[in-house]
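Trainee: These protein sequences, in sequence, are chains A and B. Residue 139 in this note's numbering is what sits at position 139 of the first sequence, and the numbering runs on without skipping anything. Residue 25 in this note's numbering is what sits at position 25 of the second sequence, and the numbering runs on without skipping anything.
Hints should not be assumed to be uniformly reliable.
If chains are identical, the list can't say which one is meant, so a pair holds when it fits in one copy or spans any two.
Taking lysine to any residue and the SDA-like style, the derived pairs with C-alpha atoms no more than 20 Å apart in a straight line are [claimed, not checked]:
1) Lys-267 <-> Gly-123
2) Lys-267 <-> Gly-256
3) Lys-267 <-> Pro-257
4) Lys-267 <-> Phe-255
5) Lys-267 <-> Pro-189
6) Lys-267 <-> Gln-54
7) Lys-267 <-> His-254
8) Lys-267 <-> Thr-127
9) Lys-267 <-> Arg-47
10) Lys-267 <-> Asp-253
11) Lys-267 <-> Thr-46
12) Lys-267 <-> Gln-245
13) Lys-267 <-> Tyr-124
14) Lys-267 <-> Leu-64
Read the hints as simulated data drawn from the structure, not as lab findings. Keep in mind it's a predicted model, so treat the numbers as computed, not measured.
Protein chains: 2
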Amino acid sequence: MTRPAPEDVRTITCVGAGVIGGGWVAYFLARGYRVVAWDPAEDAETRLRHLVGQAWPALVELGLSEGASQDNLAVEHDLATACAQADFVQESAPEDLELKRTLLADIDAATPPDVVISSSTSGYGMTEMQDRCDHPERTVVGHPFNPPYLIPLVEVVGGTLTSADVVAWTSDFFRHAGKSVITMDREVPGFIANRLQEALWREALHMVAAGEATVEQIDLSITDGPGLRWPVHGPMLTFHLAGGQGGMAHMLDHFGPSLLAPWTRLKAAELTPELRDAVVDGCEREADGRTIDDLVAERDRGVIAVLRALGRA
Amino acid sequence: MTRPAPEDVRTITCVGAGVIGGGWVAYFLARGYRVVAWDPAEDAETRLRHLVGQAWPALVELGLSEGASQDNLAVEHDLATACAQADFVQESAPEDLELKRTLLADIDAATPPDVVISSSTSGYGMTEMQDRCDHPERTVVGHPFNPPYLIPLVEVVGGTLTSADVVAWTSDFFRHAGKSVITMDREVPGFIANRLQEALWREALHMVAAGEATVEQIDLSITDGPGLRWPVHGPMLTFHLAGGQGGMAHMLDHFGPSLLAPWTRLKAAELTPELRDAVVDGCEREADGRTIDDLVAERDRGVIAVLRALGRA
Numbered sequence: 001m002t003r004p005a006p007e008d009v010r011t012i013t014c015v016g017a018g019v020i021g022g023g024w025v026a027y028f029l030a031r032g033y034r035v036v037a038w039d040p041a042e043d044a045e046t047r048l049r050h051l052v053g054q055a056w057p058a059l060v061e062l063g064l065s066e067g068a069s070q071d072n073l074a075v076e077h078d079l080a081t082a083c084a085q086a087d088f089v090q091e092s093a094p095e096d097l098e099l100k101r102t103l104l105a106d107i108d109a110a111t112p113p114d115v116v117i118s119s120s121t122s123g124y125g126m127t128e129m130q131d132r133c134d135h136p137e138r139t140v141v142g143h144p145f146n147p148p149y150l151i152p153l154v155e156v157v158g159g160t161l162t163s164a165d166v167v168a169w170t171s172d173f174f175r176h177a178g179k180s181v182i183t184m185d186r187e188v189p190g191f192i193a194n195r196l197q198e199a200l201w202r203e204a205l206h207m208v209a210a211g212e213a214t215v216e217q218i219d220l221s222i223t224d225g226p227g228l229r230w231p232v233h234g235p236m237l238t239f240h241l242a243g244g245q246g247g248m249a250h251m252l253d254h255f256g257p258s259l260l261a262p263w264t265r266l267k268a269a270e271l272t273p274e275l276r277d278a279v280v281d282g283c284e285r286e287a288d289g290r291t292i293d294d295l296v297a298e299r300d301r302g303v304i305a306v307l308r309a310l311g312r313a
Numbered sequence: 001m002t003r004p005a006p007e008d009v010r011t012i013t014c015v016g017a018g019v020i021g022g023g024w025v026a027y028f029l030a031r032g033y034r035v036v037a038w039d040p041a042e043d044a045e046t047r048l049r050h051l052v053g054q055a056w057p058a059l060v061e062l063g064l065s066e067g068a069s070q071d072n073l074a075v076e077h078d079l080a081t082a083c084a085q086a087d088f089v090q091e092s093a094p095e096d097l098e099l100k101r102t103l104l105a106d107i108d109a110a111t112p113p114d115v116v117i118s119s120s121t122s123g124y125g126m127t128e129m130q131d132r133c134d135h136p137e138r139t140v141v142g143h144p145f146n147p148p149y150l151i152p153l154v155e156v157v158g159g160t161l162t163s164a165d166v167v168a169w170t171s172d173f174f175r176h177a178g179k180s181v182i183t184m185d186r187e188v189p190g191f192i193a194n195r196l197q198e199a200l201w202r203e204a205l206h207m208v209a210a211g212e213a214t215v216e217q218i219d220l221s222i223t224d225g226p227g228l229r230w231p232v233h234g235p236m237l238t239f240h241l242a243g244g245q246g247g248m249a250h251m252l253d254h255f256g257p258s259l260l261a262p263w264t265r266l267k268a269a270e271l272t273p274e275l276r277d278a279v280v281d282g283c284e285r286e287a288d289g290r291t292i293d294d295l296v297a298e299r300d301r302g303v304i305a306v307l308r309a310l311g312r313a
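So here's chain A without its partners, still in its complex pose (with noise of 0.2 Å):
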């Protein structure tokens, strides 16, 4: 077995070092991480010392751990020279099915067997990527959010052949190396959060091209709006403090009929009863015995703090 336990993760290879390589590179430095990044292009090494430079401040803001250093970063020009190092390999190539699907196979071919190979695309299922893996069921998505080495979220989640041990490794691995994960069990396109941001982004899309609303407006209904919301509760919370005392319940009894009116180009999900209870116990679920003033108090206490933190209030 030469895979290592999660918390015994020593050196990283990351493979891809633009904006999203490059930011896990930075990240996965600032917690310590030895790491050996692989980048096709000319002025890779240059292009990413330049980026985790640039991120470097914001880390060291947040607190590095024992041992961070960006000396702690090899670049190698050589795709097998670096896999065959790694105890963990993150692949942030562009969102190409062609280039990913080869570039899995080349870095499966040349990593340690078990030691898990994890993609940050946000495009792709695994399942579409690791048919020409020898080892598939060591590969798996692990999808962040830009910048990686500041957005806490890593969805994780496997294709067909992927073995559920790896998923669950890879959802350790990055709860220990400090992020937040959500552990899907099935591959839904676009994951969770890139599908809820992007109905959000093609209804924008839709508003300008119909002369409804400019760019900047839209940027505005959101820092200034329910922006300000989603950070301390997110969609589902904050929805259940819209329906007052009686929270998502109520606010679904109520709000129910206008999912019928044109807010969105989106049709809505028909309103069953099973849909309605499904929201209703797990928001009651999420707030674990929060009431609802409890909730009030603190989204208040949130939404000022991010408003001051902002230089807003």
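Once you have looked at the hints, place chain B on chain A.
Mentor: Relative to the frame of chain A, chain B by itself:
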């Protein structure tokens, strides 16, 4: 002319004292206005004073205006008496079209001529609601976000019978009262922020209905993911940074094809050259001379500040 200048408004009549109306009452009191409230519910005054008391600590923390006091609230039992005193009326009745049409006509009959009557509606256009008023030209939508005492955004939009002067006056008034105002030049169902928020909400409901994500995963995907960027830059400038140094132009040229992918149930707008340019130009206008590097540094500072503010750094 009984309409005061926006900065000379002293008494605001709030019609409806639920979560939204009560939030308005608290906000206007904190900004130093005298507030007259009316609500048909038996226990309206008790509930309203409780609501205002609950909001007050947050408002104190943000800083009260000179002369602000909960004692400046009067609850009237007669709608006409309440409206007769108004320099400005904010209506926040339940979302029921028939109710609002009748109520606005009653308010219109009781309010001094020319005094502006604004509706908190999130679901209707003023065109649908103002038709029974004798003076529909002074009725306008002023749509807040929950809680109105903390979230700065107000969307202002008139109906077909609303005068342009009233739309301008209302925007000035809300700005003077400390709000962040978007003045829309046309009625769009859901206005702007709700269209965007609703697209996300509907996608979330679909995901729960299809078993693709739990309520908790949906919230976590936003609070620990894109929700941390949105209050800093909004969705458009956020994606301006997803293209690296090439900004939104590179982003659209590179990720444009993904608009065809099933990343959400909402079909995307066709990315015509006109739409591409409108989005790119809008981002440039909004960036207003800030380079990509400037914006990246600003985003990093902002995300760190938000993480810290919420105790998650």
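Trainee: Take the hints in turn and mark each one as holding or not.
Mentor: Hint-by-hint comparison with the structure:
1. In the homo-oligomer, the alpha carbons of Lys-267 and Gly-123 lie at most 20 Å apart only across protomers (16 Å), although the nearest pairing inside one protomer, at 23 Å, exceeds that limit.
2. For the homomeric pair Lys-267 and Gly-256, the shortest alpha-carbon distance inside one copy (13 Å) is at most 20 Å, but the shortest distance between copies (23 Å) is not.
3. Only within a single protomer do Lys-267 and Pro-257 lie at most 20 Å apart by alpha-carbon distance; the minimum there is 13 Å, versus 23 Å between protomers.
4. Taking the shortest alpha-carbon separations for Lys-267 and Phe-255, only the intra-copy value of 15 Å comes in at or below 20 Å, while the best inter-copy value is 24 Å.
5. In the homo-oligomer, the alpha carbons of Lys-267 and Pro-189 lie at most 20 Å apart both inside one protomer (18 Å) and across protomers (14 Å), since each shortest distance falls under that limit.
6. For the identical chains of this complex, Lys-267 and Gln-54 are neighbours neither inside a copy (42 Å) nor across copies (37 Å), given an alpha-carbon limit of 20 Å.
7. With identical chains, the CA atoms of Lys-267 and His-254 are at most 20 Å apart within one copy only, with a shortest distance of 18 Å there and 28 Å across copies.
8. With identical chains, the CA atoms of Lys-267 and Thr-127 are never at most 20 Å apart, being 29 Å at best within one copy and 24 Å at best between copies.
9. With identical chains, the CA atoms of Lys-267 and Arg-47 are never at most 20 Å apart, being 44 Å at best within one copy and 36 Å at best between copies.
10. When the C-alpha separation of Lys-267 and Asp-253 is checked against a cutoff of 20 Å, the pair qualifies only within one copy, where the shortest distance is 18 Å, while the shortest distance between copies is 28 Å.
11. Taking the shortest Cα distances, Lys-267 and Thr-46 never come within 20 Å of each other, neither inside one copy (48 Å) nor across copies (40 Å).
12. Taking CA atoms no more than 20 Å apart as the test, Lys-267 paired with Gln-245 passes in neither setting, with 28 Å inside one copy and 36 Å between copies.
13. Proximity of Lys-267 to Tyr-124 under the C-alpha cut-off of 20 Å is restricted to the inter-copy arrangement: shortest distance 18 Å between copies versus 25 Å within a copy.
14. Taking the closest pair of Cα atoms, Lys-267 and Leu-64 never come within 20 Å of each other, the shortest separation being 46 Å inside a single copy and 43 Å across copies.
Going down the numbered hints, you'll see the structure goes against 6, 8, 9, 11, 12, 14, while the others check out.
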